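Enquirer: Each chain is listed here by its residues.
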Amino acid sequence: MSVEYKTTFASIDNFNKGGVQMIAGNIKDYVFSNVYEVASKYAPYERVVVAKNLVYTIESCKAEGESPWYTCSHDEFAIAFDYDIEVHYIKMDDTSFIDDEKDGSFRLDDKPAGQYMGKITLSRGHQALLPEKTAYSFKSAKPATLVFQAILGDESNEKWPEICLT
Amino acid sequence: MTDLTAAVNNEQTGYQDFPVGSFNFRRDEYFAYIDYPDGEYVMPIDAYLKALMRDVAWGFFYGTVNFDSVFGTMNHYGNVDLFIGSHNEEYINNDKDFMENFPSEELMEVFQAMLADWTIEGFDPFAAPQETGTAWGPKNGNNDEAISRKRQVAQRMIGIPGDTEIRSDETGYTVNRHFQDVDQSQPVVEAEPGFEDQIHGFNLWAHLSRSVETWNPSIVSVCKQSLLCPTSEEFILPVEHGNDRVEWFVQVSDEIIWEIKDGKSSKPRASLVMRAGDVACMPADIRHQGFSPKRSMLVVWENGSPEILEKIKNGTVPRVGVEF
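Sequence order for the protein chains is A and B. With this note's numbering applied, the first sequence closes on residue 166, and no number is skipped along the way. With this note's numbering applied, the second sequence closes on residue 324, and no number is skipped along the way.
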């Protein structure tokens, strides 16, 4: 018999979180959360750390409407986990204010002066490069889940007791 | 004294023995036999070869590769322990454990030769059970093509000019039978003139849907020492991976059940059910084995920092990812 397989994804408005059956030890050791649930709980573009290994992070946020502009001294990466999200890029005229030693992204006061580089429209499962020392912003018509491969920085929020199984 | 070692007739089966240090490895039509000074340990040959494949492909990996609850390797990054029962409470308590340390290159050379000789034509130890033949029977050719695959390792990001290529039909990566419904569209990149090579995106889920192997993470993007290592999983992770550092999983699709045991004693600790979007940390003192009822997508997230190695060596590596 041939089987037609259905791949089960999830979204910010439709997820089915798993869990932990403990036998011994502390459930908090597994730091168990869900990127969709986290994105659904907090304000648009409020990045919440869902995984951390020394200074490195995976962060989740809700993309909705237009975001502020951000930049970073190093590459970061963003993945659209459910709905469409635009990423806009600007090559800034002045990058001298970026501290090479400072990890993590930070917010710019305004849309920076520079040359518009273009945009990428991400759909579910699409990953985008956020190149070092480039300004970027996001735009999404409806709430969507955006996950970052990043480093702990000004925009990273740690809310472990609120997001994890205890 | 009675000789308890199994009779293996290489003249009949055509396989070779592989001695290394105090160990001797033998196979017959169904089983692998691991002889060591205190006795002999037996494993089914298919399970053995699937575990051996990962140990070889991962270069002894991070920490301990338990072929099962008794036999395995422990990586010290330059040298490696080969052990029977050294991570099993009953063996240790009854003084039945045995361990020998080898330079990594020496043991790897033996493992590679064993894998090549014992993997027969039609059997792919990297593949899901329904996508390969069997490991049973006498020596019948080899499958060097399957066992010598190199995992894709991006230097910055998959698909960037000069970096590792995106999987496609043209490059020999067809969509897996379980992922026929996965969207294959690519991001719409609208770069202004002159910036075509500076902004980049690709369909990571489509890339994963075309993975040939199971339980073999590749690297798709690199943020300094942060390595995003997605993989597709089906059936059982052929090893119990014993962590020597924290490791994180992000479940992308479907479901994986993780059986968690104590890293040293092998006593059960927990069972995790991970569904799409779930994130979990594997502590540094456990071993884990995954069960994926349908082929699923998983992001394994690793920290490749040399700082971690230093912390492992001096005993200061964090046991858990976060304390709260």
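Honestly, I wouldn't trust all of these hints.
For lysine to aspartate or glutamate, the following DMTMM-like pairs were computed, each having C-alpha atoms within a straight-line distance of at most 25 Å [claimed, not checked]:
id, chain 1, residue 1, chain 2, residue 2
1, B, Lys294, A, Glu37
2, A, Lys6, B, Asp183
3, B, Lys224, A, Glu162
4, A, Lys6, B, Glu131
5, A, Lys142, B, Glu190
6, A, Lys111, B, Glu131
7, A, Lys102, B, Asp183
8, A, Lys17, B, Glu302
On the chain A side, residues computed to face chain B include the following (Cβ under 8 Å) [to be verified]:
id, residue
9, Ile79
10, Tyr83
11, Gln149
12, Gly153
Just so you know, these hints were derived from the structure itself, not from any lab. Predicted model only: the values in this text are computed from it and were never measured. In this text, a Cβ means the ideal position worked out from N, Cα and C, and glycines have one as well.
Enquirer: Compare the structure with each hint and give your call.
Expert: Consistency of the hints with the structure:
no.: 1; hint: B:Lys294 with A:Glu37; in the structure: holds (24 Å)
no.: 2; hint: A:Lys6 with B:Asp183; in the structure: holds (12 Å)
no.: 3; hint: B:Lys224 with A:Glu162; in the structure: violated (29 Å)
no.: 4; hint: A:Lys6 with B:Glu131; in the structure: holds (18 Å)
no.: 5; hint: A:Lys142 with B:Glu190; in the structure: holds (21 Å)
no.: 6; hint: A:Lys111 with B:Glu131; in the structure: violated (52 Å)
no.: 7; hint: A:Lys102 with B:Asp183; in the structure: violated (38 Å)
no.: 8; hint: A:Lys17 with B:Glu302; in the structure: holds (23 Å)
no.: 9; hint: Ile79; in the structure: holds (6 Å)
no.: 10; hint: Tyr83; in the structure: violated (13 Å)
no.: 11; hint: Gln149; in the structure: holds (5 Å)
no.: 12; hint: Gly153; in the structure: violated (12 Å)
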